[in-house]
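Guided by the hints, dock chain V onto chain G, whose structure is given.
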Amino acid sequence: MRNRVKTIAAWLVVAAFAGGAFVAGAELRSWQTASMSSGSAPAPTYALLKLTPEWSPVTLATTGQGTSENRELVRSIVKHLKDYYVEPITGERETAMARGAVRAMLEYLSDPDSRFLDPKERALLDDAREGRFHGIGAVLALRRQKIGDLDMAKIVVVSPMPGSPAAAAGLKPGDSITHLDGKWIVTHDPFKTPEIKNMERAVRNKEIDEFTFQKACEAAFKKFKEGVQIRDALEALTARSSGEISLQIERPGRKEPIECKLPCRSTQVDPVTARMLKKGIVYIRISQFNKRAVSEFGAELNQARANGAKGLVLDLRDNPGGLMDAATEVTRRITGGGAIAVIREKGRRHTIRVPNTRRLDMHVAVLINSGTASVAELVAGTLRDNAAASLVGTKTFGDGLLQTPLLLHDGSAAVLTTGRMLTAKGFDFEGRGLKPDREVAQYKRNGDAQLEQTVKILLPKL
Amino acid sequence: MKGLERTDMKPRSRQFLIAALVISSFLCGFTYRDIGAGHGVLAALQLLPGRVAAAITANLASDDAELKATETYWSVFTYLDANYLGQKPDSKQLTYAAIRGILASLGDRYTRFLDPTEYTQIQEENRGNFEGIGAVLEAKDGRIIVKNPMANTPAERAGLRAGDIILKVDNDMIQGLDITEVAKRIRGHRGTKVKLAIKREGVPKPLEFEIERAVIPFEIVTWKMEDDASKIGYIRLGQFNEKSDEKMDDALTQLERLGMRGLVLDLRENPGGLLDVAVDIGSRFTRGDIVIVQDKGGKRTTFSAEPSKYHDPACPLAVLIDQNSASASEIVAGAIRDHKAGTLVGVDTFGKGLVQTIFNLEGGAAVSVTTMKYFTPSGQDVSREKIHPDVVVELTEQDLKSKKDVQLERAVQILRERLGATQVGTRNEKRDST
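Residue numbers (the working numbering), protein chains in the order written: chain G, 1 to 462; chain V, 463 to 896.
It cannot be assumed that every hint is accurate.
Unchecked claim - A partial selection of chain G residues facing chain V, derived with a Cβ cut-off under 7 Å:
1) Thr-95
2) Ala-101
3) Arg-103
4) Phe-191
5) Glu-210
6) Asp-410
Claimed, not checked - Heads up, simulated DSS-like pairs for lysine-lysine below, C-alpha to C-alpha not over 30 Å straight-line:
7) G/Lys-82 with V/Lys-761
8) G/Lys-183 with V/Lys-661
9) G/Lys-222 with V/Lys-646
10) V/Lys-667 with G/Lys-225
11) V/Lys-646 with G/Lys-197
12) V/Lys-661 with G/Lys-215
13) G/Lys-346 with V/Lys-550
14) G/Lys-206 with V/Lys-667
15) V/Lys-655 with V/Lys-554
16) G/Lys-222 with V/Lys-863
Honestly, the hints are just simulated from the structure, not real lab data. All of these numbers come straight from a predicted model, not from anything done at the bench. We put the beta carbon where it would ideally sit given N, CA and C, even for glycine.
Pulled out of the complex, with its shape left as it was, chain G reads as follows (with noise of 0.2 Å):
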């Protein structure tokens, strides 16, 4: 945690930007590595998109007891505005105040998870922990990466919500959207780039003429004075719900950008389909971990058992997370209870047990590959640990921090890295991810070869 806290402390803070403010989270870990010109497979290099705060939220009043010199400096200072200050400190005017006090502080920490939410913010993150998603309906976050001395903050699609305008229009996982509505989205300081340096160079070895160097220089403010911010770029990514929009991506292992034009509008997501497979398995996916998950998962395996079915493919693929309970509850219904997680905290570490029941008498396959994140991470590594499941198909993405909630009675939240998760025997996933037993990369665009290699694993057992 500290190491990782240092690496982020070096970077640009994004976490708290208005709308992409559930799209926190930035490249964390593998950006030494990285490079603009690799082809290959992108590594997991970015945090995901926190669906939703996943421990249970605290109610902010119940702490404020006791007093420092800290306290006191801060007291003083709101008096004095109070007192003093030429226009009145509206009861409006001190909320306003009180969020820039939070905001500022989290802003402080450099932690991308650990973030503030104005009261808009916090509604788009309810509404997308309800299966909610507004502007194209895709989970983002944002990737870093960096390259000699440029650091870059891209928007990188983790993934499309089924039904919604981003998965219509194809966008994949580990796209990158460069340009929104036709202006380059700022990642990085244009008078950084390689090509930049570069010419810098040459001009100082007198391989090219100052002109050249001085319009390439000019152009760089200008691409800069032209392009739009990251926080309004997430703002219109996660929080319209009308109009076109539209994106030049870049996708991993093609040289030609793609252009398209998509919708927003708000879009509806059912956090669980399932459907028989032949021979008596069946298959269920969980796009999301809520409270509704819980529920539609319990009806579909009784469904299942009531027809018979012997094996469970569960598909976790592109499933951001979510709520640790709606986790719990599901890893339940399958190993029939003991060790569901193991959280670190501040000074302590504890094991999180939930009471016997019956254990599901099917065998278990689960489904993962770089979009499966967070609590959908824990689920599918306490499912191996504990259910005997095989996990198939590529790397998690290697979100291991639980977030706390501090909801503050005006609508808005703090949101602060309180704990670390790790599987029921204690695999810690956090900045690596949980690598399947069986790898199965998808390639083609049709058919699911994924799937066809986890039926292929389970028949024998049945």
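For chain V alone, coordinates are given in the frame of chain G:
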């Protein structure tokens, strides 16, 4: 976040000149010192446990949609301190961040927190001690350029020139940064060094400078006999600080000895300073009211000229103003105009009709709070309407390059005509000044 400082406050078309060495004073505008000093600032810091507890209770009980600033800060602070999984933040710095967040939410750039280091620096400046490199900066078309290096400063010795475009400060690109932020980065204590990368017209490669900061010999008041034949004197007032009054006296006495018959008072680029000093300086040139201030409750207080300070015999006066004549400069210019005690020459002023009070806090920090508005004696709200010159004279690009001060020339010419038209030694300050 750093981004907080990257606000474009002014239209690009307007030149925004700031002397790197007086930047902090500019930021705090001018300070309302006399009234308010007795407000028992330190007493207010003492803890009132009963009230604090009540405040928390009130916060707990409140079910409306409003937040209390201190309680909210403290709740999040304590929770964060106990539970944040990352590296424990420094609690002082975390609190400073919260304070800056609180003040930023007001949207008033003059209401700001001064940590102990910044506050010490401002106090030094109000005493007339500056440390830096001695370059005057200007924002133009989105670039920060050196307007001029001041004489006998590290900037001049290092070879900075007027018109140099600043590209980097200490290896950081400054593109998009506010001029005040750039100035802040360039400034620093004597003996320390700053690296600048400069783009100079006609020079292809960016130039690199490493300049050691020093104490800047900043003359609050400079004077000369501008026109020896007509005996027209010139006094430039750089700032309204604790030394201004005394230095102004010296300058007037010296010019008097040389037989001054007319005076040009230069308030260009003067970012203001202390309010009582503005009243003192204004008292030299006019009688009657100098400024009217209005506090939070709407109560108005009028400051009148100190009759004993009036410079008698009066001689024809012209006052030079420009877009960076701010706050205290605008008070003096406004009073002179309202009382028809002189002719204003130049361009519209900055337009800052707000007064700040600096409150000392425990631990050496301070907070500068906008506490009042002010009006000229005729009731003009300077925040809404700038001080307009009686005679508009703009400095063109060409003038700047050729170092031709057409504003000063015009002021001298006006005074010459006035002296020619009236008898030498006229002492009627109510002379018409159109």
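Give me the numbers of the hints this structure contradicts, sorted from smallest to largest. none
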